[in-house]
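The listed protein sequences derive, respectively, from chains A and B.
In case it helps, this note's numbering puts the first sequence at residues 86 to 279.
In case it helps, this note's numbering puts the second sequence at residues 35 to 455.
One or more of the hints may lead you astray.
What the hints assert, rightly or not - Here are some of the chain B residues that sit facing chain A, going by a computed Cβ distance under 10 Å:
hint, residue
1, D49
2, E112
3, R247
4, E366
5, A431
To be verified - With a straight-line Cα cutoff of 20 Å, these simulated SDA-like cross-link-like pairs (lysine to any residue) come out:
hint, chain 1, residue 1, chain 2, residue 2
6, A, K262, B, A50
7, A, K210, B, M87
8, A, K210, B, L347
9, B, K352, A, L220
10, A, K262, B, S368
11, A, K262, B, L91
12, B, K79, A, V249
13, B, K352, A, L273
14, A, K262, A, L220
15, B, K79, A, T251
16, B, K352, A, K210
17, B, K79, A, E171
18, A, K262, B, K352
19, A, K151, B, M95
20, B, K352, A, T251
21, B, K225, B, K79
22, A, K262, B, S378
23, A, K262, B, Q76
24, A, K151, B, A257
25, B, K79, A, I267
26, B, K79, A, E268
27, B, K79, A, G250
28, A, K262, B, E401
29, A, K262, B, A257
30, A, K262, B, Y330
31, A, K210, B, M95
As the list claims (entries may be wrong) - Here are the simulated distance ranges between beta carbons:
hint, chain 1, residue 1, chain 2, residue 2, range
32, A, R113, B, V434, 54 to 64 Å
33, A, G235, B, R116, 29 to 39 Å
34, B, L348, A, G235, 31 to 41 Å
35, A, R101, B, T125, 29 to 39 Å
Just so you know, these hints were derived from the structure itself, not from any lab.
All residues carry an ideal CB built from backbone N, CA and C; glycine is no exception.
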Amino acid sequence: MQMADEDRLLIHEAARGDAYAFEQLMRRHEGRMYAVALRMCGNREDAQDCVQDAMLRVYRALDHFKGQSSFSTWVYRITMNTCLDELRRRKVRASSSLDTLLESGWSPTDEEDTPERHALRSEQKAALGRAINDLPEDMRAAIVLRELHGLSYEEISSVLSVNVGTIKSRISRGREKLRQLIESQPELFGREKV
Amino acid sequence: MVENLECRRFRNRIDAYLDNELSASEREEMQRHAGTCPECGQLLKEYEDMRAMLADLDRDMDIPPEAAQAWRSSVRDECERRRASSRFGWTKAVVSVAAAVAVLVGATVVFRNGMERPASYKSARNTSYMAGSASYDDYDLEFETPLAMAATSMDAGGGANATASARKTILESDGPVDPSAVSDSATAMRKPVILRSASRTVQSTEFESAVERLEALVNGSSAWFEYRSVSGSTFADGGLGRTLSATVRVPSEGLDAFLASLTDVGAVTAATDRAEDVSDRYYDTQTRLSTLRAEYERLTDLVTDAADLSDLLLLEDKMYDVQYQIDAIEGELSGLDSRANYSSVSITLDEVREYVEPVVVDPTLGERIAKGFADSIAWVRDFLQDMLVAVVAFSPALVVIIPAVLIIWLVVRSIRRKHRK
Ligand SMILES: [Zn+2]
Chain A
86 MQMADEDRLL IHEAARGDAY AFEQLMRRHE GRMYAVALRM CGNREDAQDC VQDAMLRVYR
146 ALDHFKGQSS FSTWVYRITM NTCLDELRRR KVRASSSLDT LLESGWSPTD EEDTPERHAL
206 RSEQKAALGR AINDLPEDMR AAIVLRELHG LSYEEISSVL SVNVGTIKSR ISRGREKLRQ
266 LIESQPELFG REKV
Chain B
35 MVENLECRRF RNRIDAYLDN ELSASEREEM QRHAGTCPEC GQLLKEYEDM RAMLADLDRD
95 MDIPPEAAQA WRSSVRDECE RRRASSRFGW TKAVVSVAAA VAVLVGATVV FRNGMERPAS
155 YKSARNTSYM AGSASYDDYD LEFETPLAMA ATSMDAGGGA NATASARKTI LESDGPVDPS
215 AVSDSATAMR KPVILRSASR TVQSTEFESA VERLEALVNG SSAWFEYRSV SGSTFADGGL
275 GRTLSATVRV PSEGLDAFLA SLTDVGAVTA ATDRAEDVSD RYYDTQTRLS TLRAEYERLT
335 DLVTDAADLS DLLLLEDKMY DVQYQIDAIE GELSGLDSRA NYSSVSITLD EVREYVEPVV
395 VDPTLGERIA KGFADSIAWV RDFLQDMLVA VVAFSPALVV IIPAVLIIWL VVRSIRRKHR
455 K
């Protein structure tokens, strides 16, 4: 019901092991999966590994997907679990993500920006990214899903298997932490400040 | 820094405001305060700017080509491996079953030669194939189980830890859970909270009308389709028939009637019923909720009596936490309520070419068939008994054979594991 017919057909084909159908199906999800993995892992190598791992998990579990939740929520769930597993296994706090983010050549562009403004925005985003990276894992997961990917509290609750009240609390505290960071860097964010 | 009660109130609600969870009048109130109080106005602006930046942060991020390539090739590898192993597995299954049957039958025949047997049994050599094909079916079943288990554990690995543990608590019950089983006299009064679910497999030769009957039944039972999907293709299109997979949520009081009426949709060929008693969890949660509400009340009273500002701030922080817990518990309870009030029924509706109709035959033919069948059974039974005796007779040889087979199997398995990695 929540799925497009095309998706449902692809899921059916892919569940029977058709790798081509699976690639078609996941084309629309891979960017978001990678974005989540990069925020959670903090570096490109681990993010790539997590996406690969998560894709295999989705591929293997696809015939168990019964449509209780939307497909994309389910994919988020598997991606997030893969990342959290990975983080737990390595027990290494992700670090220096933004250096790699910028070095990767990825930076959001805005056609109308002057070079100065653009540079400032990139720096702001880099600082925000570092701040996200410094959040505790649980809080980071909730913030990434809510603020970067726009999921509802209910969806986040089903992705993380944590009740809505706890999610709200994590997001509230996460926002507060991020805002404090911004406040502490008036040279970067303080344009509007009086 | 000036903070008054109004500011505290503003700050406590700022998340709800940002998440658009406030009523129109509450929003207005927030905006009014932000307009008059510079501190809070600045705070709100910071939050809103930050959220806009966060929303923009990964908006157009794309997967790098090497990562896109990496997962695709690992999925293709997996696909290839799956095909190869299913081919290999099938061949292996056939070969090993054939070998086992040949050994068993050979041993039994050798053994029987030394025994006295009615002549009519000795000529029935071709029937031995029957015994062989029967045990092949058994083997095939066993062979599939580990694969299914692996797939299930993969699902759990995919993060369904909660599902896995929930599955554990589900008890297959023969009837409604007996409330009197609860020994505590205080809790014996309460209404049991039972989550029921069922699954049914239904077959029909007329797929479309069976689907229509199912829809009518669902509508007539105040139930609804939580999920439905049709796969497969018609016999006319050269397919193997269509299958409707559906999850229907049925008002629990009408569940039995609903399940009984499924026989009007088609022939019910498989049925599973589950009931999970969550009364303890439900009432414990309810108790926790009333405790928290009482605490919230108490804190509200304390706030009105609070002597100085630092007490007040402390109290309001505490209230904030309690409110979060209350929200969480209310969510949990309403989830349980919904599952208790609406049972979940999984339905698989298979299109079949025809029912296996009971065959009406003339009595003498029927008798002949029955006699032939009984004879055959008797022969098979005797053959199997002989087989057992033969196995026991040859068992001393197994002391040598079993360890040898085991070693070979372990070696083969470790080679395959390494290959897989
Ligand atoms: Zn204020």
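Hints and how they fare:
1. A hinted interface residue such as D49 (chain B) counts as satisfied when its beta carbon comes closer than 10 Å to some beta carbon of chain A; here the least separation is about 5 Å, so the hint holds.
2. Evaluation of the E112 (chain B) hint against chain A yields a held restraint, the C-beta minimum of about 6 Å falling below 10 Å.
3. A cut of 10 Å between beta carbons decides the hint on R247 (chain B): the least distance to chain A is about 20 Å, and the hint is violated.
4. Hint status for E366 (chain B): holds, given a least beta-carbon distance of 6 Å to chain A, under 10 Å.
5. With a cut of 10 Å, the hint placing A431 (chain B) at the interface with chain A is violated, because the nearest CB-to-CB distance is about 42 Å.
6. Our distance criterion of 20 Å between C-alpha atoms is met by K262 (chain A) and A50 (chain B), whose separation comes to about 17 Å.
7. Note on K210 (chain A) and M87 (chain B): the hinted pairing holds, with a Cα-Cα distance of about 7 Å set against a maximum of 20 Å.
8. Using a Cα cut-off of 20 Å, the hinted pair K210 (chain A) and L347 (chain B) is violated, with the two alpha carbons roughly 34 Å apart.
9. A C-alpha spacing of about 23 Å is found between K352 (chain B) and L220 (chain A), which places the hinted pair above 20 Å, so the restraint is violated.
10. Among the hinted pairs, K262 (chain A) with S368 (chain B) is inconsistent with the structure: their alpha-carbon atoms are about 31 Å apart, more than 20 Å.
11. With a CA separation close to 17 Å, the supplied pair K262 (chain A) and L91 (chain B) stays within the 20 Å bound.
12. Proposed proximity of K79 (chain B) and V249 (chain A) is contradicted: the alpha carbons are some 26 Å apart, above 20 Å.
13. Between K352 (chain B) and L273 (chain A) the CA atoms are separated by roughly 34 Å; this puts the pair beyond 20 Å, and the hint is violated.
14. With a C-alpha separation of about 8 Å, the suggested pair K262 (chain A) and L220 (chain A) falls inside the 20 Å cut-off, and the hint holds.
15. Among the hinted pairs, K79 (chain B) with T251 (chain A) is inconsistent with the structure: their alpha-carbon atoms are about 25 Å apart, more than 20 Å.
16. Straight-line distance between C-alpha atoms of K352 (chain B) and K210 (chain A) comes to about 34 Å, which puts the hinted pair past the 20 Å bound.
17. Taking the CA atoms of K79 (chain B) and E171 (chain A), the gap is near 37 Å; set against the 20 Å cutoff, the hint is violated.
18. Taking the CA atoms of K262 (chain A) and K352 (chain B), the gap is near 19 Å; set against the 20 Å cutoff, the hint holds.
19. Of the supplied pair hints, the one linking K151 (chain A) and M95 (chain B) is violated, its CA atoms being roughly 29 Å apart against a limit of 20 Å.
20. Distance check on the hinted pair: K352 (chain B) and T251 (chain A) sit about 15 Å apart at the alpha-carbon level, within 20 Å; holds.
21. Distance restraint check for K225 (chain B) and K79 (chain B): the Cα-Cα separation of roughly 50 Å exceeds the 20 Å cut-off, and the hinted pair is therefore not satisfied.
22. The straight-line distance between the Cα atoms of K262 (chain A) and S378 (chain B) is roughly 42 Å, outside the 20 Å bound, and the hint therefore fails.
23. A distance of roughly 16 Å separates the Cα atoms of K262 (chain A) and Q76 (chain B); the hinted pair therefore holds under the 20 Å criterion.
24. For the hint linking K151 (chain A) to A257 (chain B), the alpha-carbon distance of about 19 Å falls within 20 Å, and the restraint holds.
25. For the hint pairing K79 (chain B) with I267 (chain A), the CA-to-CA distance comes to about 12 Å; that is within 20 Å, so the pair holds.
26. Note on K79 (chain B) and E268 (chain A): the hinted pairing holds, with a Cα-Cα distance of about 12 Å set against a maximum of 20 Å.
27. Restraint check for K79 (chain B) and G250 (chain A): the C-alpha separation of about 25 Å exceeds 20 Å, so the hint is violated.
28. At roughly 85 Å between alpha-carbon atoms, K262 (chain A) and E401 (chain B) are farther apart than 20 Å, so this suggested pair is violated.
29. Of the supplied pair hints, the one linking K262 (chain A) and A257 (chain B) is violated, its CA atoms being roughly 46 Å apart against a limit of 20 Å.
30. Using a Cα cut-off of 20 Å, the hinted pair K262 (chain A) and Y330 (chain B) is violated, with the two alpha carbons roughly 26 Å apart.
31. Of the supplied pair hints, the one linking K210 (chain A) and M95 (chain B) holds, its CA atoms being roughly 13 Å apart against a limit of 20 Å.
32. Between R113 (chain A) and V434 (chain B) the Cβ separation comes to about 60 Å, which falls inside the hinted range of 54 to 64 Å.
33. For G235 (chain A) paired with R116 (chain B), a C-beta distance near 35 Å keeps the hint of 29 to 39 Å intact.
34. For L348 (chain B) and G235 (chain A), the Cβ-Cβ distance of about 35 Å falls inside the hinted range of 31 to 41 Å, so the restraint holds.
35. Between R101 (chain A) and T125 (chain B) the beta carbon distance is about 21 Å. The supplied range of 29 to 39 Å is therefore violated.
In summary, the numbered hints that this structure violates are 3, 5, 8, 9, 10, 12, 13, 15, 16, 17, 19, 21, 22, 27, 28, 29, 30, 35.
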